[in-house]
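A.B. asks: Using the sequences and the hints given, assemble the complete structure.
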Amino acid sequence: MSKYNDRQHKERKFWDRFANTYDSFIKKIFGKTYSSILENLDSELDTSNSVLDIGTGTGIIPFFIYSKVAFVDAIDISPEMIRLAYQKQKRSNIQNINFQVQDSYNLTFTDKTFDIVIASNLLHLLYETDKSIYEVKRVMKDDGIFIAPTLCVGEKAQSSFISSIIGAVSGFKIVNKWSIDEFKTMLMDYGFVINKTVKIDGRFPLAYIVLWKNPTII
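Numbering-wise (this note's numbering), the sequence shown opens with residue 26 and increments by one.
There may be inaccurate statements among the hints.
Said to hold, decoys possible - Restricting the straight-line Cα-Cα distance to at most 20 angstroms, the calculated cross-link-like pairs of lysine to any residue (SDA-like) are:
(1) K198 - Y130
(2) K202 - K166
(3) K198 - T46
(4) K166 - N74
(5) K166 - D226
(6) K93 - N65
(7) K181 - D226
(8) K224 - D206
(9) K115 - Q125
(10) K209 - D155
(11) K38 - V200
What the hints contain is simulated information worked out from the structure, not anything from laboratory work.
C.D. replies: Structure below.
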């Protein structure tokens, strides 16, 4: 098994195992944080928008935004997460969400497809963040926006310490322990312009960041 496939296998195995408790975990641990994320998303959306939601889990964001946009492609590396999301979709008879199993490191969409790309609480979990970010830049339109709500546990020493304990116990490991300023700098280094930053306080600090492409950086 190649290094790439081995990484995929390990991530799928973890998230598949976590899928059945994902919604209750989010509600219990990050309920207020996600409510704030969804409230902030409202102001960014238009009914003409094509949207990609990366790391969709069981579809929390697509099921919130589907009536406010043209369509949503929602992807996750976990087949079990997508299976559960699709079950929800069938029960609700929502037509404009397309759930797919995909890897954020290697998206199948063509260049400049989406008006909005969302990666909510994903980037801090990735060992090779650059691969996902380059894919985001590739599939978003030149005048599109990237919305990246991300836990920044490095903002507080206590948050970083607690996240390490939780990771050791649960396997839910936060790989990148950025402060908010470190996270913003990283995104700008990859060729984005910061349009908006909202700090959301919760169990762990979160940065809700809206970005444009920097036309001077490829």
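A.B. asks: Would the hint linking K181 and D226 be met if the CA-CA limit is 20 angstroms?
C.D. replies: holds, 11 angstroms
A.B. asks: For the pair supplied as a hint, K202 and K166, confirm whether the alpha-carbon distance does not exceed 20 angstroms.
C.D. replies: Not satisfied, since the Cα-Cα distance of roughly 29 angstroms exceeds 20 angstroms.
A.B. asks: Straight-line Cα separation of K166 and D226 no greater than 20 angstroms?
C.D. replies: At roughly 31 angstroms apart (the allowed maximum being 20 angstroms), D226 and K166 break the hint.
A.B. asks: Take the C-alpha atoms of K198 and Y130, compute the straight-line distance between them, and say whether it is at most 20 angstroms.
C.D. replies: Status holds; Cα separation ~18 angstroms.
A.B. asks: So if I understand the rule, the pair passes when the alpha-carbon distance is 20 angstroms or less; does K38 with V200 pass?
C.D. replies: holds, 17 angstroms
A.B. asks: Run the distance test for K115 versus Q125: straight-line Cα separation, threshold 20 angstroms.
C.D. replies: holds, 14 angstroms
A.B. asks: Taking 20 angstroms as the top limit, are the C-alpha atoms of K93 and N65 close enough?
C.D. replies: holds, 13 angstroms
A.B. asks: Can you confirm whether the C-alpha distance between K166 and N74 stays at or below 20 angstroms?
C.D. replies: holds, 11 angstroms
A.B. asks: Taken at face value, is the distance from the CA of D155 to the CA of K209 at most 20 angstroms?
C.D. replies: holds, 14 angstroms
A.B. asks: Checking one constraint from the list: CA of K224 to CA of D206, max 20 angstroms. Satisfied?
C.D. replies: holds, 11 angstroms
A.B. asks: Check the hint pairing K198 with T46 against an upper bound of 20 angstroms on the C-alpha distance.
C.D. replies: Between K198 and T46 the Cα gap is close to 16 angstroms, so the pair holds against 20 angstroms.
Of the numbered hints given earlier, the model fails hints 2 and 5; all others are met.
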